[in-house]
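Enquirer: Residue-level listing of the chains:
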Amino acid sequence: MALSSDKRSQLKRIPIPEDRHFKPQLVGYNPKTPNRLAEVLAHSLLYFVFVGLLLLIYGVLPWLFKLPGSPLASGGSFTTTGAVLYGILAAVLSFLVAAVAALILILVLRKYLGLVQNRYGPMHNGPAGAFQTIADAVKMVAKEDFVPGKADALVFTLAPLMVFVSAFLLLTIIPFAPGWVLANLNVGLLFIVAAGTIGAYGVLVGGWSINNKFGLLGGLRAAAQLVSYEIPLSISLLTVAVWVGSLNLMDIVEAQKLWWTAIPLLISAAVYLIASLAEIKMTPFDLPEAESELVAGFNTEYSGMRFGFFFVAEFAELFLLPAIAVVLFFGGYYQPLAGFWDFADVLRGLGAEGSTLNQFGGLLASAYGMLWFLLKTALLSYLVIWVRATLPRFRDDQLMELCWKVLIPLSLIGLAVAVILRLVFK
Amino acid sequence: MSTEAAINLEDLPTLRQQTICGEKVYQLEDPTAYRQLCERLLAAGYDFPQCLSGVDMEYGLRTVLHLRRLSDQAELTLWLDVPYDRPHVPSVSDLWGGVDWHEREAYDLVGIHYDGHEDLRRILLEDHWTIHPLQRRYDTGGYLIPDWQAKPWPDWDAIAKEKEEAARKAAEAAEKRAAAAKAKAAKAVKPKEGEGGAKKPPLSEVKKTSDQVAKPKAAQTADDLTKIKGIGAHYVALLKEQGITRFEQLANLSDDEAKRLEEKMNFKDRIAREQWREQARALQEGKS
Amino acid sequence: MSIPAALMTGPTVLEPVVGKTDEMIVNLGPQHPATHGVLQIVLGVDGERVTRAVPHIGFLHRNHEKIEESRSYAQVIPYLDRMDYVSGLQNELPYCLAVEDLAGLEVPERAKYIRTAMFEFNRIISHLVWVGTYMLDLGAITPFLYAFRDREMALDIIERTTGGRMLPNYFTFGGVRRDVHPKFWQDLLDFLDYFEKVVPEYETLTVDAPVFQARSVGVGLLSQELAVNHGISGPNLRASGVAHDLRKDQPYDAYPELDFSVITRDEGDVWARSKVRMDEIYQSIDLIRQCAELAPRSGPYLARGRVKIEAGEQRYRAAEISRGQLGVYIHSDGGTGPYRSKHRSPSFVNLQIIPDLFIGQKFSDVIAILGSIDIVLGEVDR
Numbered sequence: 079m080a081l082s083s084d085k086r087s088q089l090k091r092i093p094i095p096e097d098r099h100f101k102p103q104l105v106g107y108n109p110k111t112p113n114r115l116a117e118v119l120a121h122s123l124l125y126f127v128f129v130g131l132l133l134l135i136y137g138v139l140p141w142l143f144k145l146p147g148s149p150l151a152s153g154g155s156f157t158t159t160g161a162v163l164y165g166i167l168a169a170v171l172s173f174l175v176a177a178v179a180a181l182i183l184i185l186v187l188r189k190y191l192g193l194v195q196n197r198y199g200p201m202h203n204g205p206a207g208a209f210q211t212i213a214d215a216v217k218m219v220a221k222e223d224f225v226p227g228k229a230d231a232l233v234f235t236l237a238p239l240m241v242f243v244s245a246f247l248l249l250t251i252i253p254f255a256p257g258w259v260l261a262n263l264n265v266g267l268l269f270i271v272a273a274g275t276i277g278a279y280g281v282l283v284g285g286w287s288i289n290n291k292f293g294l295l296g297g298l299r300a301a302a303q304l305v306s307y308e309i310p311l312s313i314s315l316l317t318v319a320v321w322v323g324s325l326n327l328m329d330i331v332e333a334q335k336l337w338w339t340a341i342p343l344l345i346s347a348a349v350y351l352i353a354s355l356a357e358i359k360m361t362p363f364d365l366p367e368a369e370s371e372l373v374a375g376f377n378t379e380y381s382g383m384r385f386g387f388f389f390v391a392e393f394a395e396l397f398l399l400p401a402i403a404v405v406l407f408f409g410g411y412y413q414p415l416a417g418f419w420d421f422a423d424v425l426r427g428l429g430a431e432g433s434t435l436n437q438f439g440g441l442l443a444s445a446y447g448m449l450w451f452l453l454k455t456a457l458l459s460y461l462v463i464w465v466r467a468t469l470p471r472f473r474d475d476q477l478m479e480l481c482w483k484v485l486i487p488l489s490l491i492g493l494a495v496a497v498i499l500r501l502v503f504k
Numbered sequence: 007m008s009t010e011a012a013i014n015l016e017d018l019p020t021l022r023q024q025t026i027c028g029e030k031v032y033q034l035e036d037p038t039a040y041r042q043l044c045e046r047l048l049a050a051g052y053d054f055p056q057c058l059s060g061v062d063m064e065y066g067l068r069t070v071l072h073l074r075r076l077s078d079q080a081e082l083t084l085w086l087d088v089p090y091d092r093p094h095v096p097s098v099s100d101l102w103g104g105v106d107w108h109e110r111e112a113y114d115l116v117g118i119h120y121d122g123h124e125d126l127r128r129i130l131l132e133d134h135w136t137i138h139p140l141q142r143r144y145d146t147g148g149y150l151i152p153d154w155q156a157k158p159w160p161d162w163d164a165i166a167k168e169k170e171e172a173a174r175k176a177a178e179a180a181e182k183r184a185a186a187a188k189a190k191a192a193k194a195v196k197p198k199e200g201e202g203g204a205k206k207p208p209l210s211e212v213k214k215t216s217d218q219v220a221k222p223k224a225a226q227t228a229d230d231l232t233k234i235k236g237i238g239a240h241y242v243a244l245l246k247e248q249g250i251t252r253f254e255q256l257a258n259l260s261d262d263e264a265k266r267l268e269e270k271m272n273f274k275d276r277i278a279r280e281q282w283r284e285q286a287r288a289l290q291e292g293k294s
Numbered sequence: 070m071s072i073p074a075a076l077m078t079g080p081t082v083l084e085p086v087v088g089k090t091d092e093m094i095v096n097l098g099p100q101h102p103a104t105h106g107v108l109q110i111v112l113g114v115d116g117e118r119v120t121r122a123v124p125h126i127g128f129l130h131r132n133h134e135k136i137e138e139s140r141s142y143a144q145v146i147p148y149l150d151r152m153d154y155v156s157g158l159q160n161e162l163p164y165c166l167a168v169e170d171l172a173g174l175e176v177p178e179r180a181k182y183i184r185t186a187m188f189e190f191n192r193i194i195s196h197l198v199w200v201g202t203y204m205l206d207l208g209a210i211t212p213f214l215y216a217f218r219d220r221e222m223a224l225d226i227i228e229r230t231t232g233g234r235m236l237p238n239y240f241t242f243g244g245v246r247r248d249v250h251p252k253f254w255q256d257l258l259d260f261l262d263y264f265e266k267v268v269p270e271y272e273t274l275t276v277d278a279p280v281f282q283a284r285s286v287g288v289g290l291l292s293q294e295l296a297v298n299h300g301i302s303g304p305n306l307r308a309s310g311v312a313h314d315l316r317k318d319q320p321y322d323a324y325p326e327l328d329f330s331v332i333t334r335d336e337g338d339v340w341a342r343s344k345v346r347m348d349e350i351y352q353s354i355d356l357i358r359q360c361a362e363l364a365p366r367s368g369p370y371l372a373r374g375r376v377k378i379e380a381g382e383q384r385y386r387a388a389e390i391s392r393g394q395l396g397v398y399i400h401s402d403g404g405t406g407p408y409r410s411k412h413r414s415p416s417f418v419n420l421q422i423i424p425d426l427f428i429g430q431k432f433s434d435v436i437a438i439l440g441s442i443d444i445v446l447g448e449v450d451r
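Residue numbers (the working numbering), protein chains in the order written: chain F, 79 to 504; chain R, 7 to 294; chain W, 70 to 451.
Simulated from the structure, these hints should not be mistaken for lab results.
Idealized CB from N, CA, C, for every residue including glycine.
A hint or two may mislead.
What the hints assert, rightly or not - Over 10 Å on every C-beta distance to chain F, these chain W residues come out as not near it, computed from the model:
1) Ile94
2) Val95
3) Asn96
4) Ala103
5) Glu117
6) Gly127
7) Glu175
8) Leu258
9) Phe264
10) Lys266
11) Val331
12) Glu379
13) Pro424
14) Asp434
What the hints assert, rightly or not - Straight-line Cα separation of at most 30 Å, DSSO-like style, residue types lysine-lysine; simulated pairs:
15) W:Lys377 with R:Lys182
16) R:Lys167 with R:Lys157
17) R:Lys30 with R:Lys235
18) W:Lys135 with R:Lys157
19) W:Lys135 with W:Lys431
20) R:Lys182 with R:Lys193
21) R:Lys175 with W:Lys377
22) F:Lys189 with W:Lys266
23) R:Lys270 with R:Lys233
24) R:Lys190 with W:Lys377
25) R:Lys30 with W:Lys377
26) R:Lys157 with R:Lys246
27) R:Lys169 with R:Lys182
28) W:Lys431 with R:Lys157
29) R:Lys193 with R:Lys169
30) W:Lys431 with F:Lys228
31) W:Lys377 with R:Lys246
32) R:Lys30 with W:Lys317
33) W:Lys135 with R:Lys30
34) W:Lys431 with F:Lys483
35) R:Lys235 with R:Lys188
36) W:Lys266 with R:Lys246
37) F:Lys291 with W:Lys431
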């Protein structure tokens, strides 16, 4: 019922409140009063698991196998049974290492992106969101295993496995600490190139098999990009081989005890970092799965754990390619300037030769090296994520131009520099 | 600089010029002349197509084209009326690319066919749609209004004359009012100021005149017809349309009148069955 | 009236052309992350190069114009909010201007300044959404979150006065619907003081960034003649070197009293469109400051009067909203509501140009061009 105007003027005027709008409250986690210690501990949780797994594989397992009276070892080395058993256990555990590395990186990426982008990141599952990726993994596993009707079912199934295996193979040759490597190949550098290429095939056939136009475009983009960028990447690897004189990764690390390879081979290190960004399909080189253009590119039709394999492989590579960079250019498991004074030597010198304390000191020294290795890798991974948060995407022709007109000539110059330096200094 | 004077308007049939609410309007009924005029306007520098709308005028369909000349910001409106049975208008999308989709929209929603348009398909509705929803013969739900009738084509000359007459009368009235107001102001005491300035701003001058027209008082007050058993609010409204608002009228209905009423309002002899007349008579007696 | 069979064609389905290389038909949309709503563009691509482009619109069509025929003049305003939901306040203005013209209503001085300040404030909000979503199109995620952080604060200020965030229903004929929040002007100035320091950050991330420049300079060139002939308006037109701005050319509300100049650039490419929008953010900041300085702090905010429009009256009024010229054509039959109201939405007109801009471009550039035109599909389909 309408009021007459004089009646309306008699009504008491309700004052406008200062804050008229409703302010929503966050449930469960108040970022205004965070418990910093709990947050750091929560985020370190997965990291501790990761370090623990590495220690288990490389330190504790061999020690357990070689316990006095063990049937698996004799005279300081494994028997055949022991070697096979150790191999199987190590493979299973290093699979876990890859998975946990991916989990950590996903969480860290999201938290760190949140920091860069003025938001909180995951914060509801577990303390400060520490279990978010675990919840995501459970969700992915629980999803329906779905093959699109027009997809090539066999290739569709194989593609994520190829990508995943390629990433997983790279893990076997990474020396985390002196002697801590699953496969100490004397053709390690070639293995990196070979294993990395399998992943490119996986992406290509994955994009083709789903019978989706966006997938096809994404797959073709990926093929062009990954194959092209393998050239500067391989030339950078070759540069290191020329400078050090070995293809074995352990030898390469040992050669960097005093000076990092990155100091004389600065150009090659830079080329490697940029090319590895393209290899792991991170912004500004994320054309194969360019979300705003190709929906999801080569994995448009993938869901559930098949997508999970792509996803985990991508983040495992986000750990592995910086790890290889650390091995090749940034001194591997050595602390900086280890040639002058190395704390690991102090640890190794504990106790009398052969005593338990001495053995324990050796384990500690290896763990110390591993921590340096992981620290350097983490810093490089952060760098990648920072780039990802900042830059927009290149266009495909610009991507190719950058590769063929800039990176390949640069890497060749880097190679020439390495050759000259080797002739002069060695 | 080209101006309107440079545009040749002499040989265009059915062209009328008028100014509505400050807008210069060229009104046309001949499609060929519309096309010719558009070509001349483009040549005269009307380079920016602002808008093209289709309007259902109930006697025909109208295309309204709004043009702008960016050099001096002159605006122009074109009307072209076409009858329902031949809703064909020459397309001007080749002159101004910007009206391309507007013409498609006018075709889609109003049903005007733009001859010569390259790609005249439905644009907002689905391609298999059968009606043009902005035509007045359809209601908001898209249903055909059953007794919809097109209006006769207006006699524009008569309307123009009427308008002139009305404008002349309004001017005279305004003069008189001004004179009266002057006289009144001379007499009246100056009203108090500073009271409720924010609450009651003055009405605009133009609106005052229309507001002051007094409503004719109803001759007799209406009765509450819902007291009759069988008549609800819906029937009250229907009866009101037929001019029946009081018990007396209902009670005095003859058989013939009642039958006609039933036919008209689709009552199906409810008046006799529910004994509206008898009830009304009783209520009328009770009232008086 | 029967419809000729030739006009009742089915949906346009492109047949791929088979030649030296096979043409592939790609459906960009209706569900696609970069189409900013439900827009479908059927693209013919030869590898990465676009050979044909046919846009399809209408997926969000509500036929506001039919609904408005059965509404009164005041009841139409909420529908206007829902056209361009990114800049709801701006949509209301041209309609109010048209009704004021027809009904002969005078807007009080204070209401004019409130409307102008709100109008410009909404331009900032709209351009913020553009910055964010456009950079998301180009693959950068961070500017999106920065832009939405600031947009959130701006929306709070609008909410305090109007009660709504995106659909405020605030302007009305004769002024504004209710008085502004007591702290409105102070809120605005505080926000602008903060925001002015943040805008350079956006510039660093967008128009000044090398990768962005590599993606945008020389891409999607729109010539002056083509732009004018196609009725392109707003930043898209001004980036092609045409100094057409209705705030200057057909001033309304408080714009005649404000001191500003029309921002233009001559390049006509994606970068120029982006730069014009960034500059317009600065211009809006300046205009709001001027409004805050000049606006009377007391006085009526609404001229009350009856809206009685004679039969046969008609008016086309347009205002320069953040996307271009938003026009309203009202035809009256003397009733309580518009007999016919047609909305000339800028996105609808600007979108027509895309086939011309797309052909011959790379697939990635198609996304860059589409984003640079800055369309809102709610407004295109109405």
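Enquirer: All hints, please: hold or fail.
Expert: Okay, the hints, checked on the actual structure:
Listed as outside the interface, isoleucine 94 of chain W is inconsistent with that label: its C-beta sits roughly 8 Å from the nearest C-beta of chain F, within the 10 Å cut-off. Valine 95 of chain W, annotated as away from the interface, has a beta carbon of chain F within 10 Å; the closest lies near 5 Å. Against chain F, the non-interface label of asparagine 96 of chain W is violated: not every CB pair exceeds 10 Å, the least being about 8 Å. Here alanine 103 of chain W does not stay apart from chain F, with its beta-carbon only about 4 Å from theirs, under the 10 Å limit.
Non-interface status of glutamate 117 of chain W relative to chain F is broken: a Cβ of that chain comes within 10 Å, the nearest being about 6 Å off. Every beta carbon of chain F lies more than 10 Å from that of glycine 127 of chain W, the smallest distance being close to 22 Å; the non-interface claim holds. For glutamate 175 of chain W, the condition that its CB be more than 10 Å from all CB atoms of chain F holds, with the nearest at approximately 20 Å. The beta carbon of leucine 258 of chain W is kept farther than 10 Å from every beta carbon of chain F, the shortest such distance being approximately 17 Å.
With a closest Cβ-Cβ approach of about 14 Å to chain F, phenylalanine 264 of chain W is found to remain outside the 10 Å limit, as its non-interface label requires. The claim that lysine 266 of chain W is not at the interface with chain F holds, since no C-beta of that chain comes within 10 Å of its own (minimum 15 Å). With a minimum CB-CB distance of about 29 Å to chain F, valine 331 of chain W clears the 10 Å threshold, and the non-interface call stands. The non-interface label for glutamate 379 of chain W is consistent with chain F: the shortest C-beta to C-beta separation is roughly 26 Å, beyond 10 Å.
Non-interface status of proline 424 of chain W relative to chain F is upheld: no Cβ of that chain comes within 10 Å, the nearest being about 19 Å off. Here aspartate 434 of chain W does not stay apart from chain F, with its beta-carbon only about 7 Å from theirs, under the 10 Å limit. Restraint check for lysine 377 of chain W and lysine 182 of chain R: the C-alpha separation of about 23 Å stays at or below 30 Å, so the hint holds. In summary, the hint linking lysine 167 of chain R to lysine 157 of chain R is supported, as the alpha carbons are separated by about 20 Å, within the 30 Å threshold.
Restraint check for lysine 30 of chain R and lysine 235 of chain R: the C-alpha separation of about 58 Å exceeds 30 Å, so the hint is violated. For the suggested pair lysine 135 of chain W and lysine 157 of chain R, the alpha carbons sit about 20 Å apart, so the restraint of at most 30 Å is met. Taking the CA atoms of lysine 135 of chain W and lysine 431 of chain W, the gap is near 40 Å; set against the 30 Å cutoff, the hint is violated. With a C-alpha separation of about 17 Å, the suggested pair lysine 182 of chain R and lysine 193 of chain R falls inside the 30 Å cut-off, and the hint holds.
As the CA atoms of lysine 175 of chain R and lysine 377 of chain W are separated by approximately 19 Å, the hinted pair is consistent with the 30 Å bound. Our distance criterion of 30 Å between C-alpha atoms is met by lysine 189 of chain F and lysine 266 of chain W, whose separation comes to about 26 Å. At roughly 22 Å between alpha-carbon atoms, lysine 270 of chain R and lysine 233 of chain R fall within 30 Å of each other, so this suggested pair holds. Using a Cα cut-off of 30 Å, the hinted pair lysine 190 of chain R and lysine 377 of chain W holds, with the two alpha carbons roughly 27 Å apart.
Of the supplied pair hints, the one linking lysine 30 of chain R and lysine 377 of chain W holds, its CA atoms being roughly 22 Å apart against a limit of 30 Å. At roughly 25 Å between alpha-carbon atoms, lysine 157 of chain R and lysine 246 of chain R fall within 30 Å of each other, so this suggested pair holds. Among the hinted pairs, lysine 169 of chain R with lysine 182 of chain R is consistent with the structure: their alpha-carbon atoms are about 20 Å apart, no more than 30 Å. Among the hinted pairs, lysine 431 of chain W with lysine 157 of chain R is inconsistent with the structure: their alpha-carbon atoms are about 55 Å apart, more than 30 Å.
Note on lysine 193 of chain R and lysine 169 of chain R: the hinted pairing is violated, with a Cα-Cα distance of about 36 Å set against a maximum of 30 Å. A C-alpha spacing of about 28 Å is found between lysine 431 of chain W and lysine 228 of chain F, which places the hinted pair at or below 30 Å, so the restraint holds. Note on lysine 377 of chain W and lysine 246 of chain R: the hinted pairing holds, with a Cα-Cα distance of about 25 Å set against a maximum of 30 Å. Between lysine 30 of chain R and lysine 317 of chain W the alpha-carbon distance is near 21 Å, which keeps this suggested pair within the 30 Å criterion.
A distance of roughly 27 Å separates the Cα atoms of lysine 135 of chain W and lysine 30 of chain R; the hinted pair therefore holds under the 30 Å criterion. Distance restraint check for lysine 431 of chain W and lysine 483 of chain F: the Cα-Cα separation of roughly 20 Å lies within the 30 Å cut-off, and the hinted pair is therefore satisfied. As the CA atoms of lysine 235 of chain R and lysine 188 of chain R are separated by approximately 59 Å, the hinted pair breaks the 30 Å bound. About 67 Å separates the Cα atoms of lysine 266 of chain W and lysine 246 of chain R, which puts this hinted pair outside 30 Å; it is violated.
With a C-alpha separation of about 16 Å, the suggested pairing of lysine 291 of chain F with lysine 431 of chain W holds against the 30 Å cut-off.
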